[in-house]
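Participant: Protein chains in written order, with numbering that gives the first Met the number 0: chain A, 0 to 37; chain B, 0 to 194.
No lab work stands behind these hints, which were simulated from the structure alone.
Among the clues, some could well be false.
[Unchecked claim] Some chain A residues judged to face chain B by a derived CB distance under 10 Å, without partners named:
#, residue
1, 5
2, 9
3, 10
4, 11
5, 13
6, 15
7, 16
8, 19
9, 23
10, 27
11, 32
12, 34
[To be verified] With a cut-off of at most 25 Å between alpha-carbon atoms, the simulated DSS-like pairs for lysine-lysine come out as follows:
#, chain 1, residue 1, chain 2, residue 2
13, B, 181, A, 8
14, B, 99, B, 128
15, B, 128, A, 7
16, A, 7, B, 181
17, B, 47, B, 78
18, A, 9, B, 181
All C-beta atoms, glycine included, are put in the ideal place defined by N, C-alpha and C.
Residue-level listing of the chains:
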Amino acid sequence: MSYLEIMKKKGFTVIGLGHEIALLQDVLKERLLKFKKN
Amino acid sequence: MTYGIMNFEFFSSGINEILSNSGLEFVIYDQEHGNISYEQLKTLSLYKSMLSITRVPALKYHLIAKSLDAGINGIMCPKIETREQAEKLVEYSKYRPEGKRGLAFGIAHDNYDRNVDSNIFTSINSKIKHLNNNIILIPLIETALGIQNCEEIISVEGIDMVWLGHYDLTDSMGIVGEFENKKYWDVVDTFINAC
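Please build the complete structure, drawing on both the sequences and the hints.
Facilitator: Right under this line is the structure:
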């Protein structure tokens, strides 16, 4: 279970997904890895 | 459940629409570690597709009131550790009688509306009340002392919610970045119970 999933389960009602720099990098990394594999 | 994002870097005028189209409901611009200018805050506050909040660098009147005057919907304030500090946050953010924010109307935060007897507001007092009721105040609880005083902080009139600053919290506990440490989760439970 991820950190955010644990926080949600614990009852936090407002959740920040993190900052946009990290999220953008995560998405781009995932896309690139997927593309390289194929 | 409400989801949002912090914005440290990308302040293009379309960013709120992009984030909103992704399903997010609020954005917190970062003035503590990011480099957004007041001009950019003012521009982005014009886009009403998302709730716009800013994290000010510190609990200082001129930082808080200036951001609110730019049109931002809410203030997140770092390192709030005591009831007195939470009360200061309210004092700096709200007009009398709730606080002591300086009056300035017909500028960005009220859409440059100079009328106080328009259809919306019947008097200056009704306008002030409306503006006071539409500011979100969020103390950032991110130290062991803040956790200890969390219940008192939350109980301050005018405080809408509290936010857990996880990284600084572990730092103040001497377990920086140890998010699997039992000590950390015990403190998170204290925070939740206080809420």
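Participant: Can you name, in rising order, the numbers of the hints this structure does not satisfy?
Facilitator: Failing hints, ascending: 10, 11, 12, 15, 17.
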